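Engineer: Sequence:
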Amino acid sequence: IEHPKLYQDLSGLKNLKNFSNILGVKFDKDYANKIIKAFDMESYINKRVKKYSLGMKQKLAIAVSLINKPHYLILDEPTNGMDPDGSIDVLNTIKDITNEFNMKVLISCHKLEDIELICDRAVFLRDGKFVEDIDMKNTSSQEYTSITFN
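The sequence shown runs contiguously to residue 150 in full-length UniProt numbering.
Think of the hints as simulated: they come from the structure by calculation, not from any bench.
Incorrect hints may have been included.
Said to hold, decoys possible - Simulated DEER-style distance windows between Cβ atoms:
#	residue 1	residue 2	range
1	E42	G128	38 to 44 Å
2	R126	D40	33 to 39 Å
3	K111	K47	27 to 33 Å
4	N102	E42	24 to 30 Å
5	E42	D133	35 to 41 Å
All values reported here derive from a predicted model rather than from experimental measurement.
Here a beta-carbon is modelled for each residue, glycine too, at the ideal position from N, C-alpha and C.
The task is simple: from the sequences and hints, build the whole structure.
Structural biologist: In structure tokens form, the structure reads like this:
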């Protein structure tokens with residue numbers, strides 16, 4: 001999510017409500033609060049989005065993508081603009097929520113440590129061509145680094 005498309009003059013909460021409406025689902029306050037808490041957004045969810053840092057916008061954009069409890073979730077660089085600790089927290093939260101609601105996730109990412117943390121399977125591409133399909137549960141980061149760069 002390089003440049004999250006959010007309503008800048010609205011609060012994060014109002015963004016969640018609006019996107020819920022756009023997606024044609026009734027706004028579930030309890031579920032929204034669960035996402036807000038899981039992504040540690042309570043302190044700023046009622047502030048205007050234009051005041052958010054990039055990392056805060058990333059979290060909100062991911063929360064928006066989860067608001068309708070999709071069967072499939074596609075994320076492009078979900079931790080872009082986040083510090084390492086923030087990245088780990090966000091990835092673990094994505095993993096927890098998607099596991100709880102049995103969502104399938106496709107992540108486009110170039111950070112190997114992110115892939116290792118959240119993925120159970122990784123497909124590597126080079127110059128747009130398939131290189132390798134790896135079961136991450138049985139592969140160390142050193143092994144897939146070797147596969148990718150050799």
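Engineer: Evaluate each hint against the coordinates.
Structural biologist: Evaluated hints:
1. E42 / G128: 38 to 44 Å: 41 Å, holds
2. R126 / D40: 33 to 39 Å: Given range 33 to 39 Å: holds, Cβ gap about 36 Å.
3. K111 / K47: 27 to 33 Å: 28 Å, holds
4. N102 / E42: 24 to 30 Å: 26 Å, holds
5. E42 / D133: 35 to 41 Å: 39 Å, holds
Checked against the numbered hints given earlier, the structure satisfies every one of them.
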